[in-house]
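Enquirer: What follows is each chain in one-letter form.
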Amino acid sequence: DSGVTQTPKHLITATGQRVTLRCSPRSGDLSVYWYQQSLDQGLQFLIQYYNGEERAKGNILERFSAQQFPDLHSELNLSSLELGDSALYFCASSPRDRGAQETQYFGPGTRLLVL
Amino acid sequence: EDQVTQSPEALRLQEGESSSLNCSYTVSGLRGLFWYRQDPGKGPEFLFTLYSAGEEKEKERLKATLTKKESFLHITAPKPEDSATYLCAVLAAGGSYIPTFGRGTSLIVHP
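Residue numbers (the numbering used here), protein chains in the order written: chain A, 275 to 389; chain B, -11 to 99.
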């Protein structure tokens, strides 16, 4: 158990809908990262937050957004869903965004299926 | 652009048959290299972080080594429970401090 929690574990929805994925980082970790993993693309970085502020953006679609709240939990919002958005979504956390402790610890993931 | 290439893509071993997985990387400067184990449908599980060439780390049947161009994950006398996908990621010095992940090596150990 990494200490990172994600809810829900599974999500089935229809095209055009909007969903919210939730992540709670390890106790004491200030950075949260979101990744998408599909069979044909591997693990793709989406976005990073550090202590409530956006720090880095990867290949995140405009239909996707995220935020980190004062209690450090994070939410990833996916809207206007398409079939191709079906994937595993992982959250990871690390103590800081820079410095010696950059190792990321991953949550169990949310499996999203768009029908 | 940072690149990480893992080989082989898939590896089948018999129980007890030792082998190595390779992670070759190209970065402007290496800040850290990470190995993860991922079981199907689950999140990557952290194994090791290596920071400088010559460094080695061990955990049970796994040993990770690092050179200036690549890292190896040596699996000694593997057991069926070692079956998983092993991911390598590199963190470059400077920049956004976001690791670049390889596509992984899928390992199956037959009893």
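These are computed hints drawn from the structure, not numbers from a lab.
Be careful, since some hints might not be right.
[Stated by the list, open to error] Sample of chain A residues facing chain B (criterion: CB under 10 angstroms; computed from the structure): (1) Q280; (2) T281; (3) P282; (4) R296; (5) G358; (6) T377; (7) Y379; (8) P382; (9) L387.
[Said to hold, decoys possible] Simulated DEER-style distance windows between Cβ atoms: (10) B:I96 <-> A:Q315: 14 to 24 angstroms; (11) A:T294 <-> B:E3: 22 to 32 angstroms; (12) A:G290 <-> B:K51: 45 to 55 angstroms; (13) B:D(-10) <-> A:E349: 38 to 48 angstroms; (14) A:N351 <-> B:E(-3): 25 to 35 angstroms; (15) B:G42 <-> A:E327: 31 to 41 angstroms; (16) B:E43 <-> A:G358: 36 to 46 angstroms; (17) A:E327 <-> B:Q2: 48 to 58 angstroms; (18) B:I96 <-> A:E356: 41 to 51 angstroms; (19) B:E43 <-> A:G290: 31 to 41 angstroms; (20) B:E(-11) <-> A:L357: 37 to 47 angstroms; (21) B:N10 <-> A:G290: 41 to 51 angstroms; (22) A:H284 <-> B:G17: 12 to 22 angstroms.
[To be verified] If you want the footprint, here are the derived chain B segments under chain A, 3+ residues with CB under 8 angstroms: (23) 45 to 54; (24) 67 to 73.
In this text, a Cβ means the ideal position worked out from N, Cα and C, and glycines have one as well.
Enquirer: All hints are to be evaluated individually against the structure, with a verdict given for each.
Expert: Status of each hint after checking the structure:
1. Among the interface hints, the one on Q280 (chain A) holds; its C-beta lies about 8 angstroms from the nearest C-beta in chain B, closer than the 10 angstroms criterion.
2. For T281 (chain A), the suggested interface contact is broken, since its CB lies about 13 angstroms from the closest CB of chain B, more than 10 angstroms.
3. Below 10 angstroms, beta-carbon pairs count as interface contacts, and P282 (chain A) has none with chain B, the closest being about 14 angstroms; its hint is therefore violated.
4. The criterion of a C-beta within 10 angstroms of any C-beta in chain B is not met by R296 (chain A), whose closest approach is roughly 15 angstroms, and the hint is violated.
5. Look at G358 (chain A): its Cβ only gets to about 19 angstroms from chain B, farther than 10 angstroms, so that hint breaks.
6. Contact between T377 (chain A) and chain B, as hinted, is supported at the beta carbon level, the nearest pair being about 5 angstroms apart and thus within 10 angstroms.
7. A distance limit of 10 angstroms between C-beta atoms decides the matter here; for Y379 (chain A) the minimum to chain B is near 6 angstroms, and the interface restraint holds.
8. At a threshold of 10 angstroms, the smallest CB-CB gap from P382 (chain A) to chain B is about 5 angstroms, leaving the interface hint in force.
9. Annotation: interface hint on L387 (chain A) violated; nearest CB of chain B at approximately 12 angstroms, more than 10 angstroms.
10. Look at I96 (chain B) against Q315 (chain A): about 22 angstroms separates their beta carbons, and that is inside 14 to 24 angstroms.
11. Checked against the hint of 22 to 32 angstroms, the pair T294 (chain A) and E3 (chain B) fails, with Cβ atoms roughly 44 angstroms apart.
12. In this structure the hint that G290 (chain A) and K51 (chain B) lie 45 to 55 angstroms apart at CB holds, the actual value being about 49 angstroms.
13. Taking 38 to 48 angstroms as the suggested C-beta distance range, the pair D(-10) (chain B) and E349 (chain A) does not conform, at roughly 29 angstroms.
14. Checked against the given bound of 25 to 35 angstroms, the beta carbons of N351 (chain A) and E(-3) (chain B), roughly 34 angstroms apart, stay inside it.
15. For G42 (chain B) and E327 (chain A), the hinted distance range of 31 to 41 angstroms is satisfied, since their beta carbons lie about 37 angstroms from each other.
16. In this structure, E43 (chain B) and G358 (chain A) meet the distance hint of 36 to 46 angstroms, their C-beta atoms being roughly 40 angstroms apart.
17. Range check, E327 (chain A) to Q2 (chain B): Cβ separation about 51 angstroms, and the 48 to 58 angstroms hint holds.
18. At about 33 angstroms, the beta-carbon gap between I96 (chain B) and E356 (chain A) misses the expected band of 41 to 51 angstroms.
19. Checked against the given bound of 31 to 41 angstroms, the beta carbons of E43 (chain B) and G290 (chain A), roughly 50 angstroms apart, lie outside it.
20. Under the hint 37 to 47 angstroms, the C-beta atoms of E(-11) (chain B) and L357 (chain A), about 29 angstroms apart, miss the expected range.
21. Between N10 (chain B) and G290 (chain A) the Cβ separation comes to about 43 angstroms, which falls inside the hinted range of 41 to 51 angstroms.
22. Range check, H284 (chain A) to G17 (chain B): Cβ separation about 41 angstroms, and the 12 to 22 angstroms hint is violated.
23. Three residues within the 8 angstroms Cβ limit are the bar, and the segment 45 to 54 of chain B against chain A gives 0, so the coverage statement is violated.
24. Given a C-beta distance limit of less than 8 angstroms, the hint that chain A covers the segment 67 to 73 of chain B is violated, as 0 residues qualify and 3 are needed.
Checked against the numbered hints above, the structure breaks hints 2, 3, 4, 5, 9, 11, 13, 18, 19, 20, 22, 23, 24 and satisfies the rest.
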